[in-house]
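Trainee: Mapped onto this note's numbering, the consecutive letters of the sequence shown carry residue numbers 1 to 270.
These are calculated hints, taken from the structure and not from any lab test. The structure presented is a predicted model; accordingly, all values stated were derived computationally and were not measured. One should not assume that every hint holds.
Using 30 Å as the maximum straight-line C-alpha spacing, the simulated DSBU-like pairs for lysine-lysine come out as follows [claimed, not checked]:
no., residue 1, residue 2
1, 99, 140
2, 135, 108
3, 108, 140
4, 109, 99
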Amino acid sequence: MKNLVALPALVVLVAGLSRPAPTGDIARWEREARNVTIIRDDWGIAHVYARTDADAVFGAEYAQAEDDFNRIETNYVNAMGRLAEAEGESRIYQDLRMKLFIDPARMKKLYFECPAWLRALMNAYADGLNYYLYKHPDVKPRVIRHFEPWMALTFTEGSIGGDIERVNLAQLEAFYGRSNVGQATEPAADSGVGPLLADSSLAPFTSDGEPAGSNGAAIAPSNTTGHHALLLINPHTSFFFRSELQMASEEGLNAYGASTWGQFFIYQGF
1 MKNLVALPAL VVLVAGLSRP APTGDIARWE REARNVTIIR DDWGIAHVYA
51 RTDADAVFGA EYAQAEDDFN RIETNYVNAM GRLAEAEGES RIYQDLRMKL
101 FIDPARMKKL YFECPAWLRA LMNAYADGLN YYLYKHPDVK PRVIRHFEPW
151 MALTFTEGSI GGDIERVNLA QLEAFYGRSN VGQATEPAAD SGVGPLLADS
201 SLAPFTSDGE PAGSNGAAIA PSNTTGHHAL LLINPHTSFF FRSELQMASE
251 EGLNAYGAST WGQFFIYQGF
């Protein structure tokens, strides 16, 4: 294994930073970083070892940002309905669809209602990403220049499709478009615009055909040539949709698997 990064060894370069951060934030980030070590194995997978669970979250977010900050930011920009800020007016109705589902004001309220242990993890999530941006002033975020703890609540699902994406954007635009602003009328009978959820993917379930679903298989060491257990799972995603890593802490956390870019927990693993 190759020890590529150890956060305690990172040197803070204060001079020449293009994104100044409050002194108190920097001091807190440095304290958290001293409690974290990230070891990259021969395949580049990050193994995060930390003093507390929150420290492990801090390190996991930092490691994910090292691998692909753009995917992290894009996931949260999308989750908060802010894609139009980065990609233009064509994304307005996609943003509207998200805001019908995820209300930032509600997320902020929920954050303060969370138990202290969970807020600590979300605080570490934001600190890990902000520390990465502080250490890498050459990275230019498209929208989110400072992550806040409540943002972690906006992106907890990690699979592809099957949720809010089932709401048809064309029908959403027809309902909320400029021509309908201030009107409470139903679409004309011949407009071709049906209910917002009128989609063939929402047809009533039938038991016809082969059964489908998530599949997995565990193989005992006695049945493998290398005499190591194997766990085979279907992640239901495209390649590189998630970040592979390990999170371990002195408080007992030890999880390995995949985290959808930016999430502070192992979404799929063991």
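Trainee: For each hint, tell me whether it holds in the structure or not.
Mentor: The hints, checked one at a time:
1. 99 <-> 140: holds (25 Å)
2. 135 <-> 108: Distance ~27 Å between residue 135 and residue 108 Cα, so the pair holds.
3. 108 <-> 140: holds (25 Å)
4. 109 <-> 99: holds (16 Å)
The earlier numbered hints are all upheld by this structure, with none contradicted.
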